[in-house]
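Place chain B on chain A using the hints.
Going down the list, the sequences are from chains A and B.
Heads up: the first sequence runs through residues 1 to 220, numbered per this note's numbering.
Heads up: the second sequence runs through residues 1 to 220, numbered per this note's numbering.
Worth flagging that the hints you see were computed from the coordinates, not collected in a lab.
Warning: the hint list may mix true and false statements.
The list treats identical chains as one, so a pair stands whether inside a single copy or across any two.
[To be verified] Taking lysine to any residue pairs in the SDA-like style, the calculated list, with each CA pair at most 20 Å apart, reads: (1) Lys99 - Leu58; (2) Lys99 - Phe40; (3) Lys99 - Ser44; (4) Lys99 - Trp34; (5) Lys115 - Glu103; (6) Lys99 - Arg110; (7) Lys99 - Glu35; (8) Lys99 - Leu114; (9) Lys118 - Leu209; (10) Lys99 - Ser143; (11) Lys210 - Leu174; (12) Lys210 - Pro123; (13) Lys99 - Glu42; (14) Lys99 - Val43; (15) Lys99 - Leu41; (16) Lys115 - Arg102; (17) Lys99 - Pro33; (18) Lys115 - Trp34; (19) Lys118 - Phe40; (20) Lys99 - Arg36; (21) Lys118 - Glu35; (22) Lys99 - Pro45; (23) Lys99 - Glu37; (24) Lys99 - Leu32.
Since the model is a prediction, treat every value here as computed from it, not as a measurement.
Protein chains: 2
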Amino acid sequence: MLLHHYPLDPFSRKLRIGLAEKGIACELVDVLPWEREDAFLEVSPAAETPVLDDRGVLVPDSMAALEYLEETQTARPLLGRSPVERAETRRLIGWFDVKFVREVTDLLWREKLLKRVKRTTVPNSEAVRAGLVNIHAHLDYISYLFERRNWLAGDALTWADCAAAAQLSVIDYLGDVPWDKHPGAKEWYARIKSRPSFRPLLRDRVVGLKPADHYDDLDF
Amino acid sequence: MLLHHYPLDPFSRKLRIGLAEKGIACELVDVLPWEREDAFLEVSPAAETPVLDDRGVLVPDSMAALEYLEETQTARPLLGRSPVERAETRRLIGWFDVKFVREVTDLLWREKLLKRVKRTTVPNSEAVRAGLVNIHAHLDYISYLFERRNWLAGDALTWADCAAAAQLSVIDYLGDVPWDKHPGAKEWYARIKSRPSFRPLLRDRVVGLKPADHYDDLDF
Chain A
1 MLLHHYPLDP FSRKLRIGLA EKGIACELVD VLPWEREDAF LEVSPAAETP VLDDRGVLVP
61 DSMAALEYLE ETQTARPLLG RSPVERAETR RLIGWFDVKF VREVTDLLWR EKLLKRVKRT
121 TVPNSEAVRA GLVNIHAHLD YISYLFERRN WLAGDALTWA DCAAAAQLSV IDYLGDVPWD
181 KHPGAKEWYA RIKSRPSFRP LLRDRVVGLK PADHYDDLDF
Chain B
1 MLLHHYPLDP FSRKLRIGLA EKGIACELVD VLPWEREDAF LEVSPAAETP VLDDRGVLVP
61 DSMAALEYLE ETQTARPLLG RSPVERAETR RLIGWFDVKF VREVTDLLWR EKLLKRVKRT
121 TVPNSEAVRA GLVNIHAHLD YISYLFERRN WLAGDALTWA DCAAAAQLSV IDYLGDVPWD
181 KHPGAKEWYA RIKSRPSFRP LLRDRVVGLK PADHYDDLDF
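Here chain A stands alone, though its shape is the one from the complex:
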């Protein structure tokens, strides 16, 4: 399998973690999706990463790709064992893919990292301020879930953990996750951060933008 991805794209990272957790070997193809190169537009009509390539079967969209993996690679399921468990996992994926993105990632990562990489405009400071406020409620929610469960959606690690950790990992690259104020969320993140599936993400670097000092430290 191939994964067309941008290393600091949280949706690509969700798939990278999940693929590794499922034990699927996958070659990575680096893309700068906003350059809209013809070769990439043929792979992704939406010009967005990630795109999974399963021996020629192209699956753009991270949600479509993870459902495809669950249907075709059943050895290590990461959605849950029953329709009700899977509904809970998918609810939480939606929480992080949509709500967290709208309230945090779009305001911090998109403003501070993506604008820098794309060399467009400067970050909107009002947006950044709002993102730094909004993240607290999400870390509280992770702590709340983690107090009651072994992983976010239940006993086992699922795509919900991959989705949440993927979003937080790019905010953490910027040093904008207030871990010290949220010990529960920090404990959950330390647990997933120390897994082998997470290691490759800790080695990613953006040219001209150094990660926060603790970014690749397992004892942050």
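Frame of chain A, contents of chain B only:
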């Protein structure tokens, strides 16, 4: 089954169309999600519509709900018959749920309809202008797909049609869909608009905001 919904919420509408297409009777519970009433927060921790209630099993998040319906109500599948077909359907659902929402719905519906209903600020005219430009590329893409296929994702109507029509229906309420410039997209929309599953949506009204004249007209 119950569906907690806001009548003019496109994600609720996606489920209403799909439920009807699957032949599932469903009672509607009207909610104003932004009021964050305690009773609703118990149903939806994210304070968002729609939430499906299957005899006590609560499934918030429209993607989680439609996957739950596909798993538990198999009589009339609306995702496709193989992993590859389902991947294509889900890719297009993602297109309309994420890309269309970011480029059109957030700029038109959220600005013009939601701000009016919530009585917050006035619409941002720059956002509205951008939304009116962006919608053309999406209508072109619908025309492109519809020239090659019977429905958006292939031979049969799927959740991709429900997702696209749901988004367009709330923009059409505002009269902001330039149908005349996109005959292919118009023909596809006329086809889904005339189905019994769509009729209840055409009767929805927002207090203080009349729909465009052609909104409930099948010969628009």
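To see whether the hints hold, each was checked on the structure:
Taking CA atoms no more than 20 Å apart as the test, Lys99 paired with Leu58 passes between copies only; the shortest distance there is 19 Å, against 27 Å inside one copy. For a Cα distance limit of 20 Å, the shortest separation of Lys99 from Phe40 across copies, 17 Å, qualifies, whereas the shortest one inside one copy, 28 Å, does not. With identical chains, the CA atoms of Lys99 and Ser44 are at most 20 Å apart between copies only, with a shortest distance of 13 Å across copies and 24 Å within one. Taking CA atoms no more than 20 Å apart as the test, Lys99 paired with Trp34 passes between copies only; the shortest distance there is 14 Å, against 23 Å inside one copy.
With identical chains, the CA atoms of Lys115 and Glu103 are at most 20 Å apart both within one copy (17 Å) and between copies (18 Å). When the C-alpha separation of Lys99 and Arg110 is checked against a cutoff of 20 Å, the pair qualifies both within a copy, at 15 Å, and between copies, at 15 Å. In this homomeric assembly, Lys99 and Glu35 come within 20 Å of each other (Cα to Cα) only across copies, at 17 Å, whereas the closest approach inside a single copy is 27 Å. When the C-alpha separation of Lys99 and Leu114 is checked against a cutoff of 20 Å, the pair qualifies both within a copy, at 19 Å, and between copies, at 17 Å.
Taking the closest pair of Cα atoms, Lys118 and Leu209 come within 20 Å of each other only inside a single copy of the chain (12 Å); across copies the shortest separation is 40 Å, beyond that limit. For the identical chains of this complex, Lys99 and Ser143 are intra-copy neighbours only, at 17 Å inside a copy versus 30 Å across copies, given an alpha-carbon limit of 20 Å. Taking the shortest Cα distances, Lys210 and Leu174 sit within 20 Å of each other inside one copy (8 Å), while across copies they are farther apart (46 Å). With identical chains, the CA atoms of Lys210 and Pro123 are at most 20 Å apart within one copy only, with a shortest distance of 17 Å there and 39 Å across copies.
With identical chains, the CA atoms of Lys99 and Glu42 are at most 20 Å apart between copies only, with a shortest distance of 18 Å across copies and 29 Å within one. Taking the closest pair of Cα atoms, Lys99 and Val43 come within 20 Å of each other only across two copies (17 Å); inside a single copy the shortest separation is 27 Å, beyond that limit. Only between protomers do Lys99 and Leu41 lie at most 20 Å apart by alpha-carbon distance; the minimum there is 15 Å, versus 27 Å within a single protomer. In this assembly of identical chains, Lys115 and Arg102 lie within 20 Å of each other by CA distance both inside one copy and across copies; the values are 16 Å within and 17 Å between.
Taking the shortest Cα distances, Lys99 and Pro33 sit within 20 Å of each other only across copies (14 Å), while inside one copy they are farther apart (23 Å). For the homomeric pair Lys115 and Trp34, the shortest alpha-carbon distance inside one copy (11 Å) is at most 20 Å, but the shortest distance between copies (31 Å) is not. In this assembly of identical chains, Lys118 and Phe40 lie within 20 Å of each other by CA distance solely inside one copy; the values are 17 Å within and 41 Å between copies. With identical chains, the CA atoms of Lys99 and Arg36 are at most 20 Å apart between copies only, with a shortest distance of 15 Å across copies and 26 Å within one.
With identical chains, the CA atoms of Lys118 and Glu35 are at most 20 Å apart within one copy only, with a shortest distance of 9 Å there and 38 Å across copies. When the C-alpha separation of Lys99 and Pro45 is checked against a cutoff of 20 Å, the pair qualifies only between copies, where the shortest distance is 11 Å, while the shortest distance within a copy is 24 Å. Only between protomers do Lys99 and Glu37 lie at most 20 Å apart by alpha-carbon distance; the minimum there is 19 Å, versus 30 Å within a single protomer. Proximity of Lys99 and Leu32 under a CA criterion of 20 Å is satisfied inter-copy only: 18 Å between copies versus 24 Å inside one chain copy.
The structure agrees with every numbered hint stated previously.
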